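Given these sequences and hints, build the entire structure.
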Amino acid sequence: MLQALAGIPTQLVARQDKGTTGNVWSVFLAPKQILKTARKLMEAEYSLEDILALDFNEGFLVLYHFNRWTIDERVTLRVLVSRDNPVVPSIASVFHGAEWHERETRDFHGVIFEGNPNLVPLLMPAEDVDVHPLVKSAKARLSIKEVLSLGEIVSSTGEIDALFAEAEAGEASDA
Amino acid sequence: MSAYQNMDQMTGDFYTQKFEAAKQDGTLIINMGPQHPSTHGVLRIVIEVDGEYIVRAEPVLGYLHRMHEKMGEVQTWGGFIPNMGRVDYGHAMAWNWAYVGAVEKLMGIEVPERAQYLRVIMTELNRLTSHLLWWGAYILDLGAFTPIMYAFDDREMLLDILQRPSASRLTYSNFRVGGVQMDMDDKCIELIKAFIPHFRDRLPMYHDLVTENIILRRRIEDIGIIDQDMCRRYGCTGPVLRGAGVAYDVRRSEPYSVYDRFDFEIPTQDSACSAGRYHVRIAEMEQSLRIIEQALEQLPGAEGSHIVDKAPKPAMKPPVGEAYFAVEGARGKIGIYVASDGTKTPYRVKLRAPGFSNMNAFAEAATGTILADAVAILGSLDLIIPELDR
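Just so you know, the protein sequences line up as chains A and D, in that order.
Everything in the first sequence is counted per my numbering, starting at 1 for the first residue and increasing by one.
Everything in the second sequence is counted per my numbering, starting at 1 for the first residue and increasing by one.
Keep in mind that a hint or two might mislead.
Unchecked claim - Taking lysine to any residue and the SDA-like style, the derived pairs with C-alpha atoms no more than 25 Å apart in a straight line are:
id, chain 1, residue 1, chain 2, residue 2
1, A, K40, D, S253
2, A, K139, D, H68
3, A, K136, D, R66
4, D, K23, A, K40
5, A, K145, D, Q75
Unchecked claim - To give an idea of the interface, some chain D residues facing chain A are shown, with a C-beta separation under 7 Å as derived from the structure:
id, residue
6, Y206
7, I282
8, E286
9, A363
Simulated from the structure, these hints should not be mistaken for lab results.
The model shown is predicted, which means the values in this text are computed figures rather than measured ones.
From the three backbone atoms N, C-alpha and C, an ideal C-beta is built for every residue, glycine too.
Given below as C-alpha cells:
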C-alpha cells in the first residue's frame, strides 16, 4: 500500500490492528491531496467501498474505505475539514461510484464535494436541502481523540498527532 | 423554500427539470417509477428516450429512506439490531451478522463455535430465500408468471424452517452480540436435512423450465454489460462482480467466522451481462446447499452454546474505537462501520449497502439499450429498495 502512495504528501500514516478495527492502513490527508491519491489507488487496483463523515469538534472527518479484490488490506483515507467551510474535492471523476456516496454524505452532514458532477440531494428530499440529520448537537459532539485512536504511526508531519496528544498520553499502551 | 424546490408541478419536479435541461431535440423524457412494478418498491428512474432507445438515465432515490444511520445514533447498541432486519428484507441475516460482527470486533468478543455454525446455516438458508425471491420476481418482470409460484413454494418451506430458530419469517433480527438468540431444535435440523435433497431435485426443473428457455435467453444474453472496469469504478460487488468474471466473495477473500472450514466454489461467469449474473445466482444456490450440508455435519461437534457466556446486555458499552466488518450478502459486500465513544449509544453507524453501488452502475449499463431491456437490467441487479435508500 505504501508504494501506491509514493509521492503523495500525507499528514499521517498509521497501521491499525486488523483484528479489532478491520482496517489495516489509516492515512490522514489534506483535502487537496485526495484526488491525486484516489488516482494512485485506482492504478493500484483498489476499489471504493464507501465514503462517510463523522462529526467532531475539530470538524468533519471524511472517511474513504478502499479494498482490493485480491488482497484483504483495507485502507482508510481520512480528510479533516473545518465545520465552517467543509469542502473536499470530489473523487467521482476517478471512482464513478463515489458520486452517490458523496451526495449521500452531503445530505447527511453537509460536506460539499467540489467537482461532483451532480451534487443534488440523493436520499433526502429536495425540499429539505438544508437539513443534515447526522450533524450532532454541540452537546453530543465530541473531540476526535475521544472516539478514535491512531494506531501504530509509520510517518507523520505532526499536525494530526497534536489532535490526539492527550489521548495518546492517557492510553499509551494502545499505541 | 429551498433552491431545489419547484412550484410548477405541471412540468415535473426538481429532478425532472434538472434532467430536462440537457435534453436533446426529438427525444422524450419519461419517469419510470416510483410506482413501476419492475422497480420492486419505490425506485424512480428518469429516462430520456429516442424512440425506443435510452439516451440517458438517472435514478432518483430516497422514496424509502428511513435514516437508519440516525436511528443508530439514538438507540442502544443492542436496540439497533432489529433495524438490520428492515434494511434488507431479502437477506436480513447477513445484515444482522455484519452489525453484530462489527460490534464484536470492537468489544473483542470471541463467538462460540456452535453459534458460528448456527449463523452460517441460517445465513445460507436466508441467502436461498433471497435468491429464490429474486429468481421468481425477475422472471415475472420479464413476463412469465408461473416460475414465481414454484419459487415461492420452495421459499415457503425455507421460511417455515427459519421461523423456528428466529421467530420471524422475513425481517429477522435474531443475532445477538456474542451469538444468536435461540438454539436450533432437533425438528428444525430435521427439516433442513429434508429440504436439501428436495431442493436439489427441484433445481433441474428450474433450469428446464426457465434457464434454457429461448425467450428468456434472448431477453438477457448480452444485455446490460457491466464489466470488470465498470465494477471497479462503481464499486460493484456480489453476483454483479462475479458475473463479470472476478471470483471475489467476502466469504473467501476476507474470511470470517468458520467459512474457511467449508469446501465450496465461487461461481463466476465471464459474459458480464444479465445472463451472467443470472447464472451466478443459480449456481450460488447449489453452493449454499453444500455449505449448509457441511455445517450440519460439523455442528454436533462444535463447542460452546448458541451464545457466549455473560453475553452483553442491549445497553452494553463497547470500548472507545472504531471497527469495520464486511460480510457477503445475497447482493454483495455488506460493510458496517461503527465508532464508539464508550457510551451505550453508538457515535456513528455507517451502512454500506451492496445494492447502492450496484445500482449506481445502472445508468451507464442502460445507456444505448432499449426501454424493455432496462427492466431486464434492473432485475438482474437484484435490487432491494430499502437497502438502497436505507
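Quick rundown of the hints versus the structure:
Between the alpha carbons of A/K40 and D/S253 the distance comes to roughly 23 Å, so the proposed pair stays at or under 25 Å and holds. Between A/K139 and D/H68 the alpha-carbon distance is near 22 Å, which keeps this suggested pair within the 25 Å criterion. Only pairs whose Cα atoms come within 25 Å are accepted, and A/K136 paired with D/R66 is accepted, the gap being roughly 18 Å. The suggested pairing of D/K23 with A/K40 is violated, with an alpha-carbon distance near 35 Å, which exceeds 25 Å.
The hinted pair formed by A/K145 and D/Q75 meets the criterion: a straight-line CA distance of about 23 Å does not exceed 25 Å. For the restraint placing D/Y206 at the interface with chain A, the shortest Cβ-Cβ distance is roughly 30 Å, beyond the 7 Å limit, so the hint is violated. Hint on D/I282 is violated. Least Cβ distance to chain A is approximately 23 Å, over the 7 Å limit. At a threshold of 7 Å, the smallest CB-CB gap from D/E286 to chain A is about 23 Å, leaving the interface hint violated.
Evaluation of the D/A363 hint against chain A yields a violated restraint, the C-beta minimum of about 10 Å exceeding 7 Å.
Violated hints, in rising order: 4, 6, 7, 8 and 9; the structure is consistent with all others.
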